[in-house]
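One-letter residues, chain by chain:
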Amino acid sequence: MSANDTKPLRCATAGSVDDGKSTLIGRLLFDSKSLMTDQIAHVDEASKRRGLGRTDLALLTDGLRAEREQGITIDVAWRYFATPKRRFVLADAPGHVQYTCNTVTACSTAEVAIVLIDARKSMTEQTRRHLFVARLLGVKSLVLAINKMDAVDHSHEVFVRVRDDVTAYLSALPKNLRPVDVSFVPVAALTGDNVVEPTRAMPWYDGPPLLQHLESLPNDEQLDAGARFPVQWVIRPQSDDHPDYRGYAGRLASGTLSVGQQVRVAPKGRETTITKIETARGDVAELTAGVSATVHLKDDIDVSRGDMIVALDDGPRITREIEASITWLHETPARVGGTYWLRHTTREVKATLESVDATFDVLTGAEIPFTGTLGLNDLGRVRLKTSAPLCVDAYRDRRATGALVLVDASTGETVAGAMVLPE
Amino acid sequence: MSRLPGHLASLEDEAIFVLRETVASRERPVLLFSAGKDSILTFHLARKAFAPARLPIAVMHVDTGHNFPEVIAFRDAYLKAADVPLLVASVEESIRKGRVADVTGPRASRNALQSVTLLDAIRDHKFDVAFGGGRRDEDRARAKERIVSVRDDLGQWDPKSQRPELWDVFNMRLRGGEHLRVFPISNFTELDVWEYIHAEKIDVPSIYYAHTREVIERDGMLLANGPHLTHLAGERPIITRVRFRTVGDATCTGAVRSDATTIEGILEETISATVTERGATRADDKFSEAAMEDRKREGYF
Ligand SMILES: Nc1nc2c(ncn2[C@@H]2O[C@H](COP(=O)(O)OP(=O)(O)O)[C@@H](O)[C@H]2O)c(=O)[nH]1
Chain A
1 MSANDTKPLR
11 CATAGSVDDG
21 KSTLIGRLLF
31 DSKSLMTDQI
41 AHVDEASKRR
51 GLGRTDLALL
61 TDGLRAEREQ
71 GITIDVAWRY
81 FATPKRRFVL
91 ADAPGHVQYT
101 CNTVTACSTA
111 EVAIVLIDAR
121 KSMTEQTRRH
131 LFVARLLGVK
141 SLVLAINKMD
151 AVDHSHEVFV
161 RVRDDVTAYL
171 SALPKNLRPV
181 DVSFVPVAAL
191 TGDNVVEPTR
201 AMPWYDGPPL
211 LQHLESLPND
221 EQLDAGARFP
231 VQWVIRPQSD
241 DHPDYRGYAG
251 RLASGTLSVG
261 QQVRVAPKGR
271 ETTITKIETA
281 RGDVAELTAG
291 VSATVHLKDD
301 IDVSRGDMIV
311 ALDDGPRITR
321 EIEASITWLH
331 ETPARVGGTY
341 WLRHTTREVK
351 ATLESVDATF
361 DVLTGAEIPF
371 TGTLGLNDLG
381 RVRLKTSAPL
391 CVDAYRDRRA
401 TGALVLVDAS
411 TGETVAGAMV
421 LPE
Chain B
1001 MSRLPGHLAS
1011 LEDEAIFVLR
1021 ETVASRERPV
1031 LLFSAGKDSI
1041 LTFHLARKAF
1051 APARLPIAVM
1061 HVDTGHNFPE
1071 VIAFRDAYLK
1081 AADVPLLVAS
1091 VEESIRKGRV
1101 ADVTGPRASR
1111 NALQSVTLLD
1121 AIRDHKFDVA
1131 FGGGRRDEDR
1141 ARAKERIVSV
1151 RDDLGQWDPK
1161 SQRPELWDVF
1171 NMRLRGGEHL
1181 RVFPISNFTE
1191 LDVWEYIHAE
1201 KIDVPSIYYA
1211 HTREVIERDG
1221 MLLANGPHLT
1231 HLAGERPIIT
1241 RVRFRTVGDA
1251 TCTGAVRSDA
1261 TTIEGILEET
1271 ISATVTERGA
1281 TRADDKFSEA
1291 AMEDRKREGY
1301 F
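Here the protein sequences come in this chain order: A and B.
Each residue of the first sequence is one higher than the one before, starting from 1 at the first, in the numbering used here.
Each residue of the second sequence is one higher than the one before, starting from 1001 at the first, in the numbering used here.
Just so you know, these hints were derived from the structure itself, not from any lab.
Some hints here could point you the wrong way.
[Said to hold, decoys possible] Below, simulated DSS-like cross-link-like pairs (lysine-lysine); rule was C-alpha separation at most 25 Å, straight line:
{"id": "1", "chain 1": "B", "residue 1": "K1126", "chain 2": "B", "residue 2": "K1097"}
{"id": "2", "chain 1": "A", "residue 1": "K140", "chain 2": "A", "residue 2": "K7"}
{"id": "3", "chain 1": "A", "residue 1": "K85", "chain 2": "A", "residue 2": "K7"}
{"id": "4", "chain 1": "A", "residue 1": "K350", "chain 2": "A", "residue 2": "K268"}
{"id": "5", "chain 1": "A", "residue 1": "K140", "chain 2": "A", "residue 2": "K175"}
{"id": "6", "chain 1": "B", "residue 1": "K1048", "chain 2": "B", "residue 2": "K1080"}
{"id": "7", "chain 1": "A", "residue 1": "K298", "chain 2": "B", "residue 2": "K1126"}
{"id": "8", "chain 1": "A", "residue 1": "K276", "chain 2": "B", "residue 2": "K1048"}
{"id": "9", "chain 1": "A", "residue 1": "K7", "chain 2": "B", "residue 2": "K1201"}
{"id": "10", "chain 1": "B", "residue 1": "K1048", "chain 2": "A", "residue 2": "K7"}
{"id": "11", "chain 1": "A", "residue 1": "K268", "chain 2": "A", "residue 2": "K298"}
{"id": "12", "chain 1": "A", "residue 1": "K350", "chain 2": "A", "residue 2": "K385"}
[To be verified] Listed next, with one range per pair, are the computed distances between beta-carbon atoms:
{"id": "13", "chain 1": "B", "residue 1": "R1218", "chain 2": "A", "residue 2": "K276", "range": "36 to 44 Å"}
{"id": "14", "chain 1": "A", "residue 1": "V17", "chain 2": "B", "residue 2": "D1152", "range": "26 to 34 Å"}
{"id": "15", "chain 1": "A", "residue 1": "H242", "chain 2": "B", "residue 2": "E1264", "range": "32 to 40 Å"}
{"id": "16", "chain 1": "B", "residue 1": "L1087", "chain 2": "A", "residue 2": "D357", "range": "49 to 57 Å"}
{"id": "17", "chain 1": "A", "residue 1": "T373", "chain 2": "B", "residue 2": "R1218", "range": "53 to 61 Å"}
{"id": "18", "chain 1": "B", "residue 1": "K1097", "chain 2": "A", "residue 2": "K276", "range": "46 to 54 Å"}
{"id": "19", "chain 1": "B", "residue 1": "A1082", "chain 2": "A", "residue 2": "L312", "range": "37 to 45 Å"}
As the structure is a prediction and not an experimental result, all values here were calculated from the model.
Glycine included, every Cβ here is placed at the ideal spot set by N, Cα and C.
Bound-form chain A, shown alone (with noise of 0.2 Å):
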């Protein structure tokens, strides 16, 4: 297979400060011939000018003014690759415990989650949080990069130690964020060893390359479910040409739709059949998930933006009584009680939040009961209510349909991202 057949390989990197992260990644795009001249150039300009006496690779994803001031990285940067075997799409985060928001952003999206570890210093608060980030949003696959090897000697034994506290960490978590995919690579993004190249200064390793092991990885699909197709936007031209087209315009999140399918209207509950479906690339008889259409019905009943056609068994659940955990994204704590505006898929209803019955000790992965605030970078688990019914499922089974962004009434900032809990 080639990289143009394969979808591309969603991932987050998340690390502490000066684990190395910036490196790391400089080192993936270089190595892996990603760069252009001129950005290499530029590397090498802005590391002399700082007085470096070699080029500073992680001057590559340094974007924004404010963060080259402080030397930090301070936004979810993406960026691109491609091997000949593997697209790349990475986000990269950054590491503070006050960018937790990006770390949420950059996983929202995320198959796989590369956290970067200093071997000197083994597992830190910030890893623990990047870890139960990446699990609390779904995120299949951890590959654990243990980096600066070169600075413990590439002791076999650090390694090992480094691996055991994460796997201690990853094994006390909550059952449901306990990950089903993790591996651990030894690098050291400085010289390159192991990023893209193997090395030899490792021989106790007998895994692949970071990138060789990343370009193995599965992507996160999931095919045999029941569809869930929102509509975002009903086509009717009116026109002279086209008189009585009414076509439901929409991104398949999940399961397969084919042509002459029974389907159901959710909430409302109205059945019908599937009578066409167009796609940007022509007619086809079966939609697979990800992929935008617009779908027709046999029967001429009230759709609208915000329904959602879904299959007849294995449909989604109809409620307004909703619980999720929650990550807290602005610095307005939480007002219990209060009401937000709730998109969900293509539907965006009133909400209000009953209740917080825990938050999240991150050191430890474990609850603890509610203590009064649910603020800035706070993880948690709520109960909502909305004005009206909402087309669910469980977070952990179906992101897109289980996701759900809580937004200010009065400033439409987005404050929050939950996700749905099973029922």
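Let chain A serve as the given structure and place chain B with the ligand on it in line with the hints.
Using the frame of chain A, we list chain B with the ligand on its own:
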């Protein structure tokens, strides 16, 4: 059914999703159209997103007055063929009205002046969303751009106060005076754009293909010689074969030496390119390391 490679199909689906979400959530969208390849691509995807209905989005060119005549001719013919009317917001008009002062001298570029013209037009037409063809692979400041980005009433972009963008659930709410900039092709790379243009057989202006042109070599870049370009001491025009990788203000868009007369040729050159699109072709970005970010703060695209 046409066979688009998998990665281009996903990018196409994502862009269409973003276009539909935006149009469904806001009232008065406009698409910024310069007849450059990225805006042509955005326009092409917008038409697909709402076909067979008419495009529910206005189309506007922010015209610096320093144009390549071929591009303006292309712009008009292309939109005429698509039967879509064009609004023009003119920087010259802003200068005449005293909204901005023109810049002069050899390194003068009207790129920075565009911001005022654009914001005036957004206000006059009461647009609440402007679609742009920005891509995250263009440079390091853009790499951090949201797909949906909020601008305040001065059109400013504050990198510190951008809303977190989780999943593909976009917060499209606005307060008075604010508007959104939305970038449906954020996740395309330069190579993806050319591959898509190739696969979809999309027309682009002739200046993207190799042609013979009189140019001035300056700061390692080839600038088109023309009435708007003021020469520095000692600069002598040379005639050579070039093409453009981006289309912008004629005074600061650089050409690259090229023999690519077909899209296949451009693809080959893009794959083996060793310099980024922006590095090769944007004179005004070279002034300061943070040039792009400064312009974004001021409301430039
Ligand atoms: N010894 C050693 N130092 C490293 C390695 N990787 C990064 N560093 C250094 O660690 C420091 C922080 O690296 P940087 O990439 O900026 O960290 P970030 O804050 O995680 O992005 C810099 O001085 C790097 O040169 C490594 O593999 N070995």
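Evaluation of the provided hints:
1. B:K1126 - B:K1097: Measuring from Cα to Cα gives roughly 20 Å; hence the hint holds.
2. A:K140 - A:K7: holds, 16 Å
3. A:K85 - A:K7: holds, 11 Å
4. A:K350 - A:K268: Distance ~18 Å between A:K350 and A:K268 Cα, so the pair holds.
5. A:K140 - A:K175: Roughly 14 Å between the alpha carbons, so the hint for A:K140 and A:K175 holds.
6. B:K1048 - B:K1080: holds, 17 Å
7. A:K298 - B:K1126: This hinted pair is violated, its Cα atoms lying about 39 Å apart.
8. A:K276 - B:K1048: holds, 17 Å
9. A:K7 - B:K1201: With a Cα-Cα distance of about 23 Å, the restraint between A:K7 and B:K1201 holds, given a limit of 25 Å.
10. B:K1048 - A:K7: Measuring from Cα to Cα gives roughly 22 Å; hence the hint holds.
11. A:K268 - A:K298: Holds, at about 17 Å.
12. A:K350 - A:K385: holds, 9 Å
13. B:R1218 - A:K276: 36 to 44 Å: This hint is violated: roughly 56 Å between Cβ atoms.
14. A:V17 - B:D1152: 26 to 34 Å: Holds, at about 30 Å.
15. A:H242 - B:E1264: 32 to 40 Å: For A:H242 and B:E1264 the Cβ distance comes to about 36 Å; the hint holds.
16. B:L1087 - A:D357: 49 to 57 Å: holds, 52 Å
17. A:T373 - B:R1218: 53 to 61 Å: holds, 58 Å
18. B:K1097 - A:K276: 46 to 54 Å: holds, 51 Å
19. B:A1082 - A:L312: 37 to 45 Å: 41 Å Cβ-Cβ, so the 37 to 45 Å window holds.
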